[in-house]
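Listed in order, the protein sequences are those of chains A and B.
Residues in the first sequence are numbered consecutively from 129, following the numbering used here.
Residues in the second sequence are numbered consecutively from 129, following the numbering used here.
Think of the hints as simulated: they come from the structure by calculation, not from any bench.
Cβ coordinates follow ideal geometry from the N, Cα and C atoms, glycine included.
Among these hints, one or two may not hold up.
[To be verified] List time: in silico DMTMM-like cross-link candidates among lysine to aspartate or glutamate, alpha-carbon distance up to 20 Å:
1. Lys136(A) - Glu272(B)
2. Lys136(B) - Asp258(A)
3. Lys136(A) - Glu283(B)
4. Lys140(A) - Asp258(A)
5. Lys246(A) - Glu283(A)
6. Lys136(B) - Glu181(A)
7. Lys136(A) - Asp183(B)
[As the list claims (entries may be wrong)] Here are some of the chain B residues that sit facing chain A, going by a computed Cβ distance under 8 Å:
8. Ile134
9. Ile135
10. Tyr227
11. Pro233
12. Met235
Number of protein chains: 2
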Amino acid sequence: MTLPSIIKPDPKLDLVLERIVDVPRELVWKAWTTPKHMLPWFCPKPWTTTDIEIDLRPGGIFRSVMRSPEGQEYPNIGCYLEVVPNERLIWTDALLPGYRPAPEPFMTAVLTLEPSGKGTRYVATAIHRDEAGRKKHEEMGFQEGWGTVVDQLVEYIKKEM
Amino acid sequence: MTLPSIIKPDPKLDLVLERIVDVPRELVWKAWTTPKHMLPWFCPKPWTTTDIEIDLRPGGIFRSVMRSPEGQEYPNIGCYLEVVPNERLIWTDALLPGYRPAPEPFMTAVLTLEPSGKGTRYVATAIHRDEAGRKKHEEMGFQEGWGTVVDQLVEYIKKEM
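With the rest of the complex left out, here is chain A:
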């Protein structure tokens, strides 16, 4: 089981994307935790990511700005909760940097990476406050969007890292 025991996804509330990718987990980790390596793939095209800020420690900032094809920008700010290099990254937008309760909490995200042959078992879990949060995220296209992001990530790693 990939998930840490403290995380118990509830199918009514949460969403999970699992993929086997043919790139090593050390590069997936690096791509997820280095702004310059994250900008190119973090949003499903034709959306783009215009800014990423990372302070990679519990309570440290994780901020991103996504831009729609029409040029509208959507900033998101939160903080990391757990940072286990090459294995597990947990962050939330329910807390701002320094663990300050946030005005508009939406989800906690858990990324877990395990070796799988020469590649990586990649599991991304989105944990929501309630069923409405899960439904909204589904309607925003969680499976397709997060899936496309994995494709873009793998393509980027193969070409550029």
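With the hints as your guide, set chain B onto chain A.
What follows is chain B alone, placed relative to chain A:
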């Protein structure tokens, strides 16, 4: 400086109680992290604490139930964020156990303990979402309430531990 560098209290938003107490920090830590040692002092009398649940690890539950003199019960549930034995305990009600975003976030609390002579420098910091949160907590009697709790804690340690 007692606080970890990730915590930056803002006087407009946050509240801090600092005391030097003449009991060793190992006992303060034990009293703060063991339900049977916590029940007797956690609420300013004549309020009482009727239940405490502790899973002492990041993401683990911290749940308490306070009872008013009239018999009304007030449950509070959250999770730990950082657990550094004898030094630092951070928890929040912005996240439920397993880091699930909570329906009614109010604060993150930071308890830091440092040796001070034969006693302990005890600093409790309450971090709120906004100015309204800080004001509400002030009006609930933060300084007096949290101060009384320290007195009760010290008295309990001296008598019972």
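Item to complete: For the pair we were handed, Lys140(A) and Asp258(A), check the Cα-Cα distance against 20 Å.
Response: Holds, because 8 Å separates the two Cα atoms, which is no more than 20 Å.
Worksheet item: Is the hinted pair Lys136(A) and Glu272(B) satisfied, with a Cα-Cα distance of at most 20 Å?
Response: Given that 20 Å is the threshold and the Cα spacing comes to 38 Å, the pair is violated.
Worksheet item: Does Met235(B) pass the interface hint, meaning its C-beta sits closer than 8 Å to a C-beta of chain A?
Response: 7 Å, holds
Discussion item. So, as I understand it, the hint says Pro233(B) touches chain A; can you test that by seeing if any CB pair is closer than 8 Å?
Written reply: 4 Å, holds
Practice prompt. Take the C-alpha atoms of Lys136(B) and Asp258(A), compute the straight-line distance between them, and say whether it is at most 20 Å.
Written response: 30 Å, violated
Item to complete: Would you check the hint for Lys246(A) and Glu283(A), treating anything up to 20 Å between C-alpha atoms as holding?
Response: 16 Å, holds
Discussion item. Can you verify the interface hint for Ile134(B): is its Cβ closer than 8 Å to any Cβ in chain A?
Written reply: OK, holds: Ile134(B) within 8 Å of chain A, min 4 Å.
Discussion item. Given a cut of 8 Å on the nearest C-beta pair, is the interface hint for Ile135(B) held or broken against chain A?
Written reply: 5 Å, holds
Discussion item. Run the distance test for Lys136(B) versus Glu181(A): straight-line Cα separation, threshold 20 Å.
Written reply: 18 Å, holds
Worksheet item: When the nearest CB of chain A is found for Tyr227(B), is that gap smaller than 8 Å?
Response: Check passed: Cβ of Tyr227(B) comes within 4 Å of chain A, closer than 8 Å.
Worksheet item: Hey, Lys136(A) versus Glu283(B), does the alpha-carbon distance stay inside 20 Å?
Response: 39 Å, violated
Discussion item. Between the alpha carbons of Lys136(A) and Asp183(B), is the straight-line distance 20 Å or under?
Written reply: 15 Å, holds
Consistency with the previously given hints fails for numbers 1, 2, 3, ordered from lowest to highest.
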